[in-house]
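Here the protein sequences line up with chains A and B, keeping their order. So the first sequence is numbered by the working numbering: it starts at 1 and just counts up by one. So the second sequence is numbered by the working numbering: it starts at 1 and just counts up by one.
Derived from the structure by calculation, the hints contain no laboratory data. Be aware that a few hints might be false.
[What the hints assert, rightly or not] Within a straight-line C-alpha distance of at most 16 Å, the following computed EDC-like cross-link-like pairs (lysine to aspartate or glutamate) qualify: (1) B:K341 to A:E129; (2) B:K349 to B:E333; (3) B:K156 to B:D203; (4) B:K131 to B:E165; (5) B:K290 to A:E114; (6) B:K17 to A:E129; (7) B:K290 to A:E43; (8) B:K17 to A:E34; (9) B:K357 to B:E43; (10) B:K290 to A:E85; (11) B:K290 to B:E337; (12) A:K124 to A:E114; (13) B:K290 to A:E129; (14) B:K3 to B:D25; (15) B:K290 to A:E89.
Residues per chain, in single letters:
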Amino acid sequence: MSNVPSELKFLSSHEWVLIEGDVATVGVSDYAQESLGDLVFVELPEVGSVIAAGDSVAVIESVKAASDSYAPVSGEVIEVNSELEDSPERINDDPYGDGWMYRVKMEDLDEVGELLDADAYIDKIADEE
Amino acid sequence: MGKKTPLYQSHLDASAKMVDFAGWDMPIHYGSQIAEHELVRAEAGMFDVSHMTVVDVSGDDARTYLRFLLANDIAKLKTQGKALYSCMLNVSGGVVDDLIVYLLNENFYRVVINSATRDKDIAWLNQHAFKYPNLSITERDDVAMIAIQGPNACEKTLTLFGQAEQSQLQSLGRFESAGVGDFFVGRTGYTGEDGFEIMMPIDRAPRYWQQLIESGVKPCGLGARDTLRLEAGMNLYGTDMDATTSPLISGLGWTLAMSDDREFIGKQALLEEKQQGIAQQLVGLVLKGKGVLRNHLKVVTDAGDGEITSGSYSPTLRQSIALARIPAGVVGEVEVEIRNKLLKAEIVKLPFVRDGKANI
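Bound-form chain A, shown alone (with noise of 0.2 Å):
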């Protein structure tokens, strides 16, 4: 059984969003990155570049194929975790904590409403096994 923390916001394209005031921190979760097997290359968005929800901003690939990652939130990235370049094994190991992606600083508080809460998120990847 997949780790989904009660505490996060998640997309139904399996990323996972940490709500900090109006700065959203994005990853993969746990589901995601077990059915993905070991990753070997992230492919991160700019700082400093513009995304809306819903965009195409990353690449994750792991040894099987690469999957494009989706912004669950639009504003500025003001932050990367440039860690993984060298080490996308993080996202593998700890894709809660240290294989966090990037940081938003968010334009629209009100897009919140839209990601799925922990028990909904549960809900969609039983209906995927």
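Mind docking chain B on chain A? Use the hints.
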């Protein structure tokens, strides 16, 4: 529900992630594909390859039949137990399948073909058998096969045999095999490492697998098997070559025995292809920067476009590698189109990795 090998339950017990492979439920990994890959390069790992198809070809006509059917020449097999890699071609020179044939004795050959091509291959073998009255073709679905691979694979496997059998197996060279009781042991593999491929009666397989685990050999999945064979520069049927590509454009020219007057299926087409000039080549590529080369990506060269046939991440080299079919004669650097960007890749000599050592 797919077909299950005799080791299916062993895989579940070891928490394997199971996937469909050519209609079989097979383990893709047991936790980490990269860790399994590295284990085979550094120590020893084992693979359930019972899904592969084993066919025994015997009778007074077996030799003549196989010399006509295969593009490599089994007449090269001079000693009992010796193995040969060969393609089986259609009349257009396309590859029906690639296989390993072992000489068991003068009138008895064992052929190991791919699982994904099983039905097509069996039909092909039978279709060409009618001209040979003294020929018997028997599919051996009563055997399981385990491949133990890695620098310590032979040593760890030998501990499971008795003294007399050990010395018999110790004397096996690469690409040699021997029957040991109801086991058939070949010093062959698909990883670029030393090791054995062992066939045994189906009901013996689960216990033997367990004994191998106890002697320190860990199970590895088909995921690692694929990255290992790619690093070893070995083709995968259906991916790097198929019925529409000849061995000459698939890096398999070395497997063709066509300098004498022996006739074999596809020979005429190969001679014509050579005469007209071989248009393409299968090469190894190493990606210069970050990213991962994938199957079917476009390769841009000065002489025209090509395509990646197998691309992945190389755990040994810690960068991405690929086999690619590109115009003949191109050397040096090419570009690969990944998500609308052109990234530089270098053409390198195969294999990328052999016996644990990087050649790059």
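Hints versus structure:
no. : hint             : result
1   : B:K341 to A:E129 : violated (35 Å)
2   : B:K349 to B:E333 : holds (13 Å)
3   : B:K156 to B:D203 : violated (22 Å)
4   : B:K131 to B:E165 : violated (40 Å)
5   : B:K290 to A:E114 : violated (34 Å)
6   : B:K17 to A:E129  : holds (13 Å)
7   : B:K290 to A:E43  : holds (9 Å)
8   : B:K17 to A:E34   : holds (10 Å)
9   : B:K357 to B:E43  : holds (13 Å)
10  : B:K290 to A:E85  : holds (9 Å)
11  : B:K290 to B:E337 : holds (13 Å)
12  : A:K124 to A:E114 : holds (15 Å)
13  : B:K290 to A:E129 : violated (32 Å)
14  : B:K3 to B:D25    : holds (6 Å)
15  : B:K290 to A:E89  : holds (15 Å)
When held up to the earlier numbered hints, the structure conflicts with 1, 3, 4, 5 and 13 and fits the remainder.
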